[in-house]
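J.: Letter by letter, the chains look like this.
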Amino acid sequence: MGWGPVKPPPFDLVQPGTLVEALVALDAEPDAAVLAGGQSLLQDLRWRRFAPPLVVDVGGVAELRGVTVDDDTVRLGALVRHVDLERGAVPGPLGTLLAETAGWIAHPPIRSRGTFAGSLAWAHPAAEWTAVAAALDAQVELASRAGYRTLPAAEFLHGPGATARRPGELIIAVTLPVLGEGTATGVAEHRRTHASFAHVAVVAAVDTEGDEVVRAHLGVAGAAPTARRAHAAEEALLDGGGPAAAADAVGEDIDPVEHPHADVDYTRHVAAVLVRRVLERLLDGDREAA
Amino acid sequence: MTLARVEDRRLVTGRGRFVADLVEPGCLEAAFVRPRVAHADLAGLDVTVARSMPGVHAVLTADDLGGVDDVPALFGGDDLPPWRPLVVDRVRHAGEPVACVVADDRHRAEDAAGAVVPDLRELPGRPDAATALAADAPLYDGHRDVVLDQELGEPVAEATWADAAVVVETDLRQQLLAPTSLEARAILVRPEPGGLTVWCSHQYPHALRDGLAAALGLDTGAVRVVVPDVGGAFGGKSPTFPEYVVVAVAAQRLRRPVRWVEDRTEALWAATRGRGQAQRLRMAADAEGRITAIDLHVDAAIGAHPVGAGIPVQTGLAASGAYAVPEVHARIRAVLTTTAPTFAYRGAGRPEAAYAVERGVDLLARRLGLDAVELRRRNLVRDFPHDTPTGRRYDSGDYAAALDRALELLEPDTWRAEQARRRDEGGRPLGVGVACYVERSGGEPGILEEYAVVEARGDGGFVAGVGTSSTGQSHETVFPALVAGVLGVAPDRVRLVEGDTAAVPEGHGSFASRSLQMGGAALHGAAGALVVAARERAAADWGVDVAHVGWDGGTLRSGERETSVAALAPLCAEHRFSSPPAFPYGVYGAVVEIDPELGSVDVLRLVAVDDYGTVVDHGVVHGQTLGSLTQGLGQALYEDVPLDADGVPRLEQGLLDYLLPTAAEIPPLRLDETAVPAPDNPLGAKGAGEAGCIGVPPAVVNAVADALDGVPGADPSLLAMPLTPATVWNALWGGAR
Ligand SMILES: Cc1cc2nc3c(=O)[nH]c(=O)nc-3n(C[C@H](O)[C@H](O)[C@H](O)COP(=O)(O)OP(=O)(O)OC[C@H]3O[C@@H](n4cnc5c(N)ncnc54)[C@H](O)[C@@H]3O)c2cc1C
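Those sequence lines, one after another, are chains A and B. Using numbering that gives the first Met the number 0, you'd call the opening residue of the first sequence number 0 and step up by one each time. Using numbering that gives the first Met the number 0, you'd call the opening residue of the second sequence number 0 and step up by one each time.
Some clues are possibly wrong.
Said to hold, decoys possible - To give an idea of the chain A side of the interface with chain B (calculated C-beta under 8 Å), a few residues:
#1 Thr17
#2 Thr192
#3 Ala194
#4 Ser195
#5 Ala261
#6 Val269
#7 Val272
Bear in mind the hints are in silico, worked out from the structure with no lab data behind them. Glycine included, C-beta positions come from ideal geometry on N, C-alpha and C.
Construct the entire structure; sequences and hints are all you get.
T.: In structure tokens:
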């Protein structure tokens, strides 16, 4: 055997063709890792962050594919990729938000493999999808041999790399609420190079009646151990405070950690600026790039 | 002239042959055990489990290397601490190898490396020169931490400071950079009876040959070093690294070929760094804006092994910049720190000097209320050769012409008008920055020579051998064409041989922008010598005076007589070229816009006017400018090896944490060249490899400082590279938020 560019620790690989086979395999090995798009798992294995004895490649499980849209919800199968959403797999304002958000993730080769569900499972604190999930109270559907359960994003996402997923569980889908035809959506992100991870990302979906904000969803990634819904900022908006008040209030929603290249104060400031900018864009039609 | 690159078809179709691609029967793979502590006593090392693991052939530790000599020092100071190939009793930088596992494949080698258990007792680290200078015990018992303390030029007279109209003083920081070639280090060693064949991704094969021979106690003739395709080097691939010695020992002991291919994580942790200086600059000028004195004090963090201790001296040598300054003085200290060794990185000491001087010129201009470009113009060197107070002799140039051309491309007046408008009416802060540089190419005494040989073959072809060694500089394209030009034959009749110590007996490799200047000149000389030798041979054969034998594209004629040079084969001619160094120069300009809320810097225009002497191939030189200016942008805006308090890199996510500029980061460019020939070079050529790394950082930082100038409360002195958004934001608010 020769030298290969990828040097993971030894593991067994199974490639189930059905959901049941996948769940059986996961049940048999509590330390198994699920392989979806592989854009984070392979890197972790290569770095030997952990050494799962078994890798369960769910890429061939038909039940995990596809987007299902009904009146109130959009259900993203666990194999729905960033690129599917970027290319408009979901209709309406929710689809617009997902497409805009996808465009901020990494670069095209990674978007063509990485999955929405995998991103939530990996739970990077600055991952764009976690901000969407938090903002919209996404419902994470988990399955195991023992049965099914559904958790809202706020309960599923715990901290950097940590979630409520139990051994043997597979995310089979993530469900998002359909947004009304009049919902305005947007993303504001700050990062250092075009290909780098977000420093802070803010997603917003806002409904107005006249000048009044009647519904608001704000999610912030990169400013706490995991993405959060910005309840205080939403409150300020619903109280009629406008973008500036929401920006002031978002400080209560976040809890940044120090970065080698950004201290906590700066990150707090960035989150506030992004909240203000994205809301100005949505509410005032101010199209200044955020 | 721009030739299509001969090597591109091979390289871009995946048919390049790098060390990792070599197929060597029975080859084993090595992995190193690299504790992630900056400074610790190694109280024990348990390799029993690792040795028993499947597929493992050897686990080498310092105990196994008793008969092996120290890693050879490239820098010859006295009182240097020994550099053992594997840690004996103390880890002195994160990632320093304590053991080497050799196994059937890299996976198994890493499995076993993970099973080696070092017993480490952590000690406080010294991440930078200041901490190291304050430490109470030396890093190596019985050796000084300051391994070099050198003064260049005479100290500036007190009266000069006292009489000056303005004196500026500032502290500047050169962050640590990771050279980050696409291919990291790699070596494959095959034992031979009584010796070794070594394939290595290297810049200086003859030095590696000598270094390995010395460490292993072999004759240099017993070691053959071959350099296959190399995926970039940028200065980080010239030394004989400890890993190379260990792999060679493993191959000898196991009597099997052994390969080590450094991965990105290892490279980011343990390969050499560039820059890493704390600078204190003092500059004086008279009321007319004539610079009267420069004093530059550098404390260089050279890491745990002083292999690169000579690099910061370059900074002192270059401390005059592009200016005629009567008094220039530099004091350079190289200080041992608990970080990976600091070594050459594209520019190697010159970017550090240009940054200091060019930041200083802008500070002087501000204090004098003079336009910074005008101040530069008043001080540019105009007469050549020009001897600087720190010991350089600038060879040739028209520095003012480069400045003029750069201003045409930069259009500062237009931007200044826009800047004024924004300052009045509001808008994102905009800044314009300029930087001049003079650098040195070719090398230093000892390597200011190169060897070449050109041979005429019986088949009508020619073989050109030279002691340089391409790491991506288009030698296969340029050198045969150059030789063919002298011989008057088609380039495809000339085959280049380099990067093989068995094929080319001597050489100094490729760094210091020396390939064309030194190697090209040597080839030029050897080709000319071959023509002379052929004419002499024909003259002797024909019994005529050599003056009556003509050469025309490989055909020799005298009167009615005619013969092809192929008929005279084997015929070859050598040439050893030597010369003083050359001094390329140029002027860079940048226009930047700042997001005042986030601190992000957007470069709206980047101008480079470089003078590389006579340009032989414009396409190649253009590529060098693009590559080096992109790395210059990397230093200015993105790249940095952040360290914890002990010196452990904070790069857990690899290249997601160490941000390199990509194509998307390249700003709108306006590039041009001037071409004043190098007087000491038969081709008129100066080196062209490093300019952008030197010119871009001061131009960009000056532009950002200029933008901040118009913001009430902003404090440009808080700017430090890389200009991260957080840094710029902090400076925007004068550190007050
Ligand atoms: C260079 C680079 C840049 C990147 N930049 C960004 C960026 O800017 N923003 C961003 O958000 N992401 C970024 N990513 C991460 C990328 O989006 C990943 O695709 C994503 O985080 C994981 O999705 P995946 O499908 O590839 O999951 P995988 O890599 O296959 O898996 C990731 C983890 O999730 C688990 N997992 C995956 N699917 C499931 C499931 N259905 N049920 C249970 N567990 C599961 C795996 O076991 C593993 O632990 C980047 C990645 C790279 C390599």
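J.: For the hint on Val272/A, does the least C-beta distance to chain B fall short of 8 Å?
T.: holds, 5 Å
J.: Measuring from the C-beta of Ala194/A to each C-beta in chain B, is the shortest one below 8 Å?
T.: Ala194/A check passes; min Cβ-Cβ to chain B is 5 Å, inside 8 Å.
J.: With a cut-off of 8 Å, does the beta carbon of Ser195/A approach a beta carbon of chain B closely enough for the hint to hold?
T.: holds, 6 Å
J.: Quick check on the hint: Val269/A CB to chain B CB, less than 8 Å?
T.: Status holds, d = 6 Å.
J.: Can Ala261/A be said to touch chain B, with a Cβ gap under 8 Å?
T.: With Cβ-Cβ at 4 Å, under 8 Å, it holds.
J.: Is the shortest C-beta separation between Thr17/A and chain B less than 8 Å?
T.: violated, 31 Å
J.: Just to be careful: measuring from the Cβ of Thr192/A to every Cβ in chain B, is the smallest value less than 8 Å?
T.: holds, 5 Å
When each numbered hint is compared with the structure, a violation occurs for hint 1 only.
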